[in-house]
Amino acid sequence: MKKISMFEAQTRSYNLDCRYVQLAGSNANLMGCVLAPGEQSEGHNHLEQEIFIFTDGIGRVETGGHVVDVGPGDAVLFEGFENHIITNTSGDAPLRFHSIYWEGGARTSTQTDDTERDLLIFSTPPTPNGDLHLGHLSGPYLAADVLRRVAARSGRKARHVTGRDDHQTYVETCARREGMNSMQCADHYAAAIRATWQSFGIPLNGFIEPKADAAYADFVKAGLRRLHERGLIKEITAPAYFEPSGIQAHEAHISGACPHCNESSDGNACEACGRPNHCVDLGGAKSKTGAPLEIREHKQLVFRLSSFADQLGQYVKTANMPAHALALSLRMIRDGLPDIAISHRSDWGIRHDLAGFEDQVVYVWFEMAFGYLWAAGADKGGSFDDQIARAALTYNNGDVTHCYGFDNAYYHTLLFPAVYMALGLTPPSTHIVNELLDLDGAKFSTSRRHLIWGRDLIRSVPLDYARYMLMSRRPEGRRENFVPKAAITEINSIFAEKLNRIIERFAEIAKVMDGKSCEPGAWLPDQRRFFAFLQRQDLAQQDAASADGFSPRRLAANIREIIEECEAFQATQSCLFADASTFNYARTAQALTGLALTLVARAADPIMPELAAQLSRLLELKEAELAIHATATFMPSGRQLALDNLLVLPHLDESVAEHIMPKFDGAATMALAS
1 MKKISMFEAQ
11 TRSYNLDCRY
21 VQLAGSNANL
31 MGCVLAPGEQ
41 SEGHNHLEQE
51 IFIFTDGIGR
61 VETGGHVVDV
71 GPGDAVLFEG
81 FENHIITNTS
91 GDAPLRFHSI
101 YWEGGARTST
111 QTDDTERDLL
121 IFSTPPTPNG
131 DLHLGHLSGP
141 YLAADVLRRV
151 AARSGRKARH
161 VTGRDDHQTY
171 VETCARREGM
181 NSMQCADHYA
191 AAIRATWQSF
201 GIPLNGFIEP
211 KADAAYADFV
221 KAGLRRLHER
231 GLIKEITAPA
241 YFEPSGIQAH
251 EAHISGACPH
261 CNESSDGNAC
271 EACGRPNHCV
281 DLGGAKSKTG
291 APLEIREHKQ
301 LVFRLSSFAD
311 QLGQYVKTAN
321 MPAHALALSL
331 RMIRDGLPDI
341 AISHRSDWGI
351 RHDLAGFEDQ
361 VVYVWFEMAF
371 GYLWAAGADK
381 GGSFDDQIAR
391 AALTYNNGDV
401 THCYGFDNAY
411 YHTLLFPAVY
421 MALGLTPPST
431 HIVNELLDLD
441 GAKFSTSRRH
451 LIWGRDLIRS
461 VPLDYARYML
471 MSRRPEGRRE
481 NFVPKAAITE
491 INSIFAEKLN
501 RIIERFAEIA
511 KVMDGKSCEP
521 GAWLPDQRRF
531 FAFLQRQDLA
541 QQDAASADGF
551 SPRRLAANIR
561 EIIEECEAFQ
571 ATQSCLFADA
581 STFNYARTAQ
591 ALTGLALTLV
601 ARAADPIMPE
611 LAAQLSRLLE
621 LKEAELAIHA
631 TATFMPSGRQ
641 LALDNLLVLP
651 HLDESVAEHI
661 MPKFDGAATM
671 ALAS
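Numbering of the sequence shown is given in the UniProt record's numbering, commencing with residue 1 and proceeding in unit increments.
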């Protein structure tokens, strides 16, 4: 017997005073934990499953947007990798609890069973100052569409919403360059962008259009007034750059060296490191028009982002976001969050109506925080409170996912969440972030004509091929390179050659079997190995389609890997179909090929919908068989297959790689895409 003082602290972990106890002969571990009055644990997750058993005090446990109050006698169970925060809600008494945790049975992803919760997917509204090139499409837009298709196929209500980011200063500079006014420029390129989305099979369930409804601007202004009333917007006087015309040099009007990373940066934010700047702290700042710059003391409004540092620290650690976005956010919090200027003197944008600032416009990225809420509230009008109440139903009771590029990260991980916290809303649960896509080893550049427009690719290759090309090279977690010739070579090898051969052989054998599917018979070692491979691919699909493991790139890789392995497997099994003596082994080979094609159809469904539809018709798959969330099974024996009109996947001419690259024309429009 050994007496242990369970709440005598030995170490400090996640802001808790803890005592560890090893349980010999068991894979479980025990801790006694104490949280001081009014304190909060650091948000975290871990591999092990864990149960908290509360003995003294009162508190609150938060995980994945769910909150429960706890006291003596209560217990809370966490799955592996499930984020959690514990708060002591007492002002004078400690919160004590036992933690028992063990490894085994933990999931490989943090996905919770939220299939009943509605899903709202935002992809960052593009700036309408140019059409979309492949770098844009490989980022937020196709990824959001893939996620919506995956969720909808599982029976979940999912909406994909984006819009047009009209009030960016890049619209002004583009309009000036092309001889239009700003609204003409925005309308022209917004139409081009919507046409490109449509041509890539990206339907939308909502669209934020600032100019379409005067109520939108009223909603943004009402939100600013609410934050001002709560002391979160304050007036300051600070130095700012101005051109002789009186226009404040910010965003697209100014460039220099980033004060954080020293890379070339425009005003207010650096694309390279993702951090904001104050414009006057840019090294060697120059006006984009070539006009001289002068510094003046300027009265402006700032949002007090710094007052949310503690809350944002917890949010960043518990939200689902990739390493790069998390590291940027936590380093900004560590270094001290800046207050963000939300007013600039300009003729383009929504004008403030706060007294004394009517000659300034709302910072466009601050406007976007309210644009998302406008869409979440289904833009049905009514008072500001009515609209926020509708948005709260989505943000507090559903799942909200933001898809965007890393250069927009701090807005989505810090600025927008702070606004939502200030309004009593739960910030987005998931961030799907892409890095830059290069073209033949160099950054996409409109001015150098080193790019491929989305419209040119989709005119040259079938829809499914275009979507696969971009998703198979999607820059997830790191910068990636798109090489047109290599992409076309891969398409021809995987689809026009290998998948066509698989389908042709499968159909030939099925015709001998009366055009019907068959169940497995006797098994050979190589068949068992192939089956194990397919089981792994099935699990990989489910993980790549999950909320926290979502990866269109891995889904595309899954398609390629199954086709390559199946084509090789099928070739080794052809000898089994020579005569009746090996028939029982032959039908196992045929059943496995049918399972492989089913898995290809499942992974292709959100990325290559036309291929998935064709395979579904061939195999007579039911809709439920295309849902990735469930384990795939063999087709039932005796299912009549549709062998009369076999799909034949087209071969691409390699010359496509050359004519989709635009040739430089000095007289051509050089509008910068967002």
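Keep in mind the hints are simulated off the structure, nothing from the lab. Wrong hints could be hidden among the right ones.
Stated by the list, open to error - Restraint ranges, calculated between C-beta atoms of paired labels, are given here: (1) Glu-610 / Gly-73: 37 to 43 angstroms; (2) Leu-23 / Arg-617: 53 to 59 angstroms; (3) Arg-296 / Ser-445: 55 to 61 angstroms; (4) Val-483 / Pro-244: 45 to 51 angstroms; (5) Ile-236 / Asp-118: 25 to 31 angstroms; (6) Asn-481 / Glu-229: 47 to 53 angstroms; (7) Glu-358 / Asn-15: 16 to 22 angstroms; (8) Asn-481 / Ile-236: 42 to 48 angstroms; (9) Arg-617 / Glu-654: 26 to 32 angstroms; (10) Glu-610 / Ala-571: 56 to 62 angstroms.
Just so you know, these numbers come straight off a predicted model, no measurement behind them. Even for Gly, the Cβ is constructed at its ideal location relative to N, Cα and C.
Distance restraint evaluation - Ile-236, Asp-118, Cβ atoms, bounds 25 to 31 angstroms: 40 angstroms, violated
message: A range of 37 to 43 angstroms was offered for this pair. Does it hold for the Cβ distance of Glu-610 and Gly-73?
response: The hint (37 to 43 angstroms, Cβ to Cβ) is violated, given that Glu-610 and Gly-73 are roughly 57 angstroms apart.
task: Look at the Cβ atoms of Glu-610 and Ala-571 and judge whether their distance stays inside 56 to 62 angstroms.
output: Violated, at about 27 angstroms.
- request: Please test the hint of 55 to 61 angstroms on the beta carbon pair from Arg-296 and Ser-445.
  value: With Cβ atoms ~34 angstroms apart, the hint is violated.
task: Could you see if the CB distance from Asn-481 to Glu-229 stays within 47 to 53 angstroms?
output: Given about 50 angstroms between the Cβ atoms, the range holds.
message: Is 42 to 48 angstroms respected by the C-beta to C-beta distance linking Asn-481 and Ile-236?
response: 44 angstroms, holds
message: Given the hint of 53 to 59 angstroms, is the C-beta distance from Leu-23 to Arg-617 inside that range or not?
response: Because 57 angstroms falls inside the window, the suggested range holds.
message: Within 16 to 22 angstroms: is that where the Cβ-Cβ distance between Glu-358 and Asn-15 falls?
response: For Asn-15 against Glu-358, whose Cβ atoms are near 46 angstroms apart, the range 16 to 22 angstroms is violated.
message: Just to be sure I understand the hint, the distance between the Cβ atoms of Arg-617 and Glu-654 should be within 26 to 32 angstroms; is that true here?
response: Check passed, 30 angstroms falls within 26 to 32 angstroms.
query: How does the Cβ-Cβ distance of Val-483 and Pro-244 compare with 45 to 51 angstroms: does it lie in that range?
result: Distance hint for Val-483, Pro-244 holds at roughly 46 angstroms.
Consistency note: the structure conflicts with the earlier hints numbered 1, 3, 5, 7 and 10.
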